[in-house]
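**Q** Sequence:
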Amino acid sequence: MTARVVVVGSANLDLVVTAPALPRPGETVLGGEFTTVPGGKGANQAVAAARAGGRVSFVGAVGDDDFARPQRDNLVAADVDVSRLRTVPGPSGVALIAVDQHAENLIVVAPGANAALAGLSPEDRAEVARADVLLCQLEIPVETVAEAAATARANGTVVVLNAAPARTLPAAVLSTVDLLVVNEGEAEVLAGRPAEPGDLLDLVPRVVMTLGARGAAYADRDGLRLDVAAPAVTAVDTTAAGDAFTGALAVAWAEGRPVEEAVRWACAAGAVCATRPGASSSLPTRAEIEALS
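Numbering follows full-length UniProt numbering, in which position 36 of the sequence shown is assigned residue number 36; successive positions increment by one, without gaps.
These are computed hints drawn from the structure, not numbers from a lab.
Since we're looking at a predicted model, the values are computed, not measured.
Every clue listed holds true.
Computed beta-carbon distance windows for the label pairs: (1) P194 <-> L22: 19 to 25 Å; (2) V76 <-> G32: 27 to 33 Å; (3) T87 <-> T2: 26 to 32 Å; (4) D65 <-> L224: 42 to 48 Å; (5) N155 <-> E290: 27 to 33 Å; (6) T87 <-> P23: 31 to 37 Å; (7) G212 <-> E260: 15 to 21 Å; (8) T36 <-> V233: 21 to 27 Å.
Cβ coordinates follow ideal geometry from the N, Cα and C atoms, glycine included.
Model the full structure from these sequences, guided by the hints.
**A** Here is the structure:
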């Protein structure tokens, strides 16, 4: 059975420049290649889930500017259903990204239309209710995330929340989450201190923590603890590796894979993504994930 995933989240156009090193505050660095790539955590994870084999619908917003078309076209090219992608007056979301020679990055996001994604329509809620998994992030208003998650919970749809960018969250949102995906920095913000996955189980029932090249760690309230290594690869650009991981994990979870297999599969997706430059352009296909997992 094909996994049905609804992503409620952000869409951006990424403006990417390479540089030998990331600038320090007040410093100007002479960069190299400049590219524009459709991105945004929500759109990236939608494309990642579709390429991983899911049947994906995207609920989001773009502006009425020239940056909107490449974002919409990129989703369509990945076979993501964009019937719930709205157009709002004003600029689309934009991310300014610098990538250094060690594949580390620095990102600043101007939300644009993403900030206008306030509330869900009846059609949006119906789409969430039909899905196996709802996947959300935090580049859109938290009130919209809360509404989507509450709709999912009321209809038996699994809620996967990638709590990025890092921010504290109200208990009303966390109480609807079935699976929380965070990196170490995001976990620290939620816990108020450096945290392991198990330290967040008072907030949510299941946690996956991404650890970059080290893989991922999992913990749940049933006592299961897992450390899953990532495949060894030569990283070129880690910009969308977390989105590749999360999109693939949502598909694996919807397919009912065992937890360790699902996390291992997601690690493989992130690893493939890190070997290529760009955001959505680097997201792997199901066959590429299978070959590395």
